[in-house]
Structures are given as structure tokens and as C-alpha cells.
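Q: Here is how the chains run, residue by residue.
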Amino acid sequence: MRLPRFFTKKRGHRRTDSQAWGSFAEGLFYALLVGAGVVFGLLLVTGAVTYAPADPDSVVLQRGYEWWMWLLTLLMPVALLAFGGSGLVRVVRTWGKSQEHRAAASRAVILDGLAGPSAGAAGRPAIPSCDNLENSPGIVLRYRLPLESPENWSLVGFGLFALLWNAVVVVLAVGVGADLIGGTTDWLLIGLLVPFVVVGVGGVALFVRSVVLSTSVGPTHVEISDHPLVPGRRYDVRLGQGGAHLFRSIDLGLELEETATFRQGTDTRTQRIVVRRVPVSGWQRVQPVPGGIFEARVPLTIPADAMHSFSSENNAVQWRIVVRAQPDRWPEFVRVFPVVVLPVMAAGAGAVPESVEAMG
Amino acid sequence: MNAADSHGGSAHGPAGSAPFPRMELRFGHPGRRYEPGEWVTAEYTIDGLNGERPRALERSALWYTEGKGEEDLGVHFFERFSTLETIDRVVPEGTFALQLPPSPLSYEGVIVKIRWCIRLRIFFESGRDHVSEHVFTVGRVPPSILP
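Read top to bottom, the protein sequences are chains C and E.
Here the first sequence stands for residues 702 to 1061, where the numbers follow the numbering used here.
Here the second sequence stands for residues 23 to 169, where the numbers follow the numbering used here.
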């Protein structure tokens, strides 16, 4: 019998030591949580029943808490019981089962729940769904692709920061103002207020700059003649770029991006990397018609050897149409339109070979 | 490397304990390269049991990710044999066939890689288990390199 090692390599959910010892330790941890929840809960309940601050020698027949206080008090033990209990059930259910057995069982549950052939787009496992990309018809071509722009999230982030920070500044300023009206001067509070005001003004300036940047260059629209895409096939793409300014350049391209999510200690991080760039078309010194938009219709061919779109819990391979534009007086901006590329099925790949028929 | 063995349980590893069985698997295609939707046939043999009684055998075909991210895994085909009659049919040798799904294809990316394999996992009465992994390729996607 081999004793468990206390320091073994572990990365994420992968274990390099004995599965049985790992599951045992996990079960022990959840059992301890359940035990702590029971003990904690019993102490609270019995303590509340016998609590008598006025006369410790007398018997207390009425409980000391209101119903809402009971809820608050029992929150911690109930959370411990729920977390520990669910973990314990999971350990018992997976005890002695291989990684493949567990994955197959969970897949069977998912399939039962969906009552369909398989997870994924139209029976294609691990291919992301196209529903959100095909629910908007285009003006000229079949679909108008949704925009996935990190700029919008930055805008929301800057706005929230400016709002919350300046709320704190207002509270401090009211305190300082009340002191001054009352004839006293709290120099410590005033000294604290000055850097807060500087950061608050900076936050508002950053937010206003982001709003101006995102609204001044005008919207970008991309339409496509068909979707999902298949390697080797040709599609039409229509680009529409609004704005009253001159654009030094506008480039349209296709990119393949890999995304990997991993844990470092208690942090969860995501890394993205573009591994393939396919230029589609480019324009120099573009001046949209005043009050209108710049429009162009170009052919787009998906490379015949392209990897299909792939998405799993922690990893993804995604194709996207990318518009990079350089306005004359504003910084460059990038707008991203995700698309789904399907795998190519070889002709006759599904035919049953003689060797399989012989197996019965 | 196309095949890899590893072990679990509580009675494995040190010299002098029960030896590991040797599990060999031959694919129907010598190049181990298949197209999506194609049928995979495999023959396997398990040697070196030395009279030890197997408790169960699992045969599975699955894809898993490698690279920077946490490992994801999808089981496409899974069979478990755990009764006396069924184990005698599949140990020490057996054949099986499965049809591949349309996706995912094997992929050699920069931070994301997708691999397909067949795993044979044998469980013994003593509590230990032994798994043998045989990698194969689905599709013909070239490796990605940084632009």
C-alpha cells in the first residue's frame, strides 16, 4: 500500500497522484464542513433558547430572536451544510468512477435534458451556437453580424468608476462645507479631499473622452451573405462605416483567435492570442458622404484548411471579421464581428466499412 | 508519442508489487488519421495480467484539450464491462468500432490544442487500475503558428 504524498503536482482539476486518496481527502473536507455547520447551528439554537440577560437563574420560555434575526443567524450554518452536503454527495456519486465514466455520465444527463442528438450547433459537438449571430437580417445581404467591441465595456467601466468615485467626493465635500459653515476648519479632511477631487475630475475626463471617441467616429456595420461559414467557400461581405471625418485607412480582415482560461492560485485568468490573419480588403483616404456612410461590398473566402470554430468550458478557437480604421484626427479603433466556421465533412466519410459490418 | 500508460489506485508503482499489464491497440488505419464522420476500428490485446482477476474494463473514445488553459474533455464513445460474462468477452483481447462525430477536429494551436484518443482502462479486484491511451488524428487542419 502506498501512502499519500502531501505535496503533489496539481493544476486545475488535474491530479497526478492517487485518485482514491484525492477523493477521500475531498470527501473529508466536505464532511468537516457539514460537521461545522451542525455544531455551529446547534450552538446558536441552544444559546438562543436559554438566553436570559435579566435573570440568568430563571428558565426562558420565549426565544430571544425575531424571525428575521433567526434567518440572519442561521445563514452561516445553513450555508456550511448546503456547501458541505452538496460536495459530499458529489464525492459519493463519483467515487471509484474514472474520468471518462464521469464525463460520459454527465453528457448522458445533458442529452436527456436537451432531448436532442447532441450539444453544440445542430449536432456538432464543441461548436458554438449560431443563434445570436443569425437573429438580425441585413439591409442588403442576408445577415447583419453583431458587434463585439471591448470599447463598449471600457466605456461602461469608466462611467461606473467616475460615478462611484465622485459620489465619495461629494460626501467628503459636504463634510468639509458643513465644517466651514460651522466656523471650524478640519485641515486633515481638506487635505484628503484634494487628491480625491483630482482623481474624480480625471475619471470624468476619461469617461467623456471615451464617449467622444466612441460616438464621433460613427457606427460600423458588417453584413454577410450566409452563415455559418464553411472552409473553401466564398461569401459576400458588406461594410458600412459612418462618420463625418476623413479616414486615413480602413482595413477589413479575418482573424482566428485562441482563448485559454486557466487558474493561477486563486485567480482565474484568460489569455487571448491571434494565430492567423487573412486580409480581405483595404481602403485609403476614405471620406464618407456627409450625412451618409462609407459602403463597400467585397468577396470573402474562408481558407480551405481553416480550423473550425471551437468552444469548450475553458478553451476556444474563434473566427471573427475585424475592421481596423484610422480616423484623421482620432486614435485608431478596432471593431470585431464574430462568425462561426464549421468543419468540412469528407465525401463518403460516414459509409460503414466492411470490417465494421463483419463485427456485427 | 502515440500511446501512453498510467496507473491509479493504491497498489501500484514500487518494484515488487504487481506488475503493470501491457495494453496494445492497433487502429484500422495504419496512419491513425481519420476524417470526421468516418468509422474507427480498433483491435487490442492485454498482456501481463499474471492471473490477476480484472474487475472491469472501460473502452472510450474522447477528445481533450491541451495547452495553457484548463483541460476540457468530451467523451464520444464509452463502454464499461463489469460482469463476469462480459469481461471474459473483452479481456484479454477484443475489437470494437465507432463512428466519429463531425467535430471537433484535431488541432495543434499555439495555446489551445485538441487531441483525440482511445482509452482502455482496466480495474482489478485489488483496487488498482491501469489506463492506456492511444492518440489518433481527426481531420487535416495544419498547425497554427503566430502571424
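Note that these hints are calculated values from the structure, not bench results.
Treat the numbers as computed from the prediction; the structure is a model and nothing was measured.
Heads up, a few of these hints could be off.
Derived, one-sided and incomplete: chain C residues facing chain E with beta-carbon distance under 10 Å [as the list claims (entries may be wrong)]:
| no. | residue |
| --- | --- |
| 1 | 787 |
| 2 | 802 |
| 3 | 967 |
| 4 | 971 |
| 5 | 1054 |
Cβ atoms here follow ideal geometry from the backbone N, Cα and C, with glycine treated the same way.
Q: Would you mind marking each hint as holding or not holding in the structure?
A: Outcome of the hint check:
Annotation: interface hint on residue 787 of chain C violated; nearest CB of chain E at approximately 21 Å, more than 10 Å. Interface restraint check for residue 802 of chain C: the shortest CB-CB distance to chain E comes to about 6 Å, inside 10 Å, so the restraint holds. Annotation: interface hint on residue 967 of chain C violated; nearest CB of chain E at approximately 14 Å, more than 10 Å. For residue 971 of chain C, the suggested interface contact is upheld, since its CB lies about 8 Å from the closest CB of chain E, less than 10 Å.
At about 5 Å, the closest approach between the beta carbon of residue 1054 of chain C and any beta carbon in chain E falls short of 10 Å, and the interface hint on this residue holds.
Of the numbered hints stated above, those contradicted by the structure are hints 1, 3, listed in ascending order.
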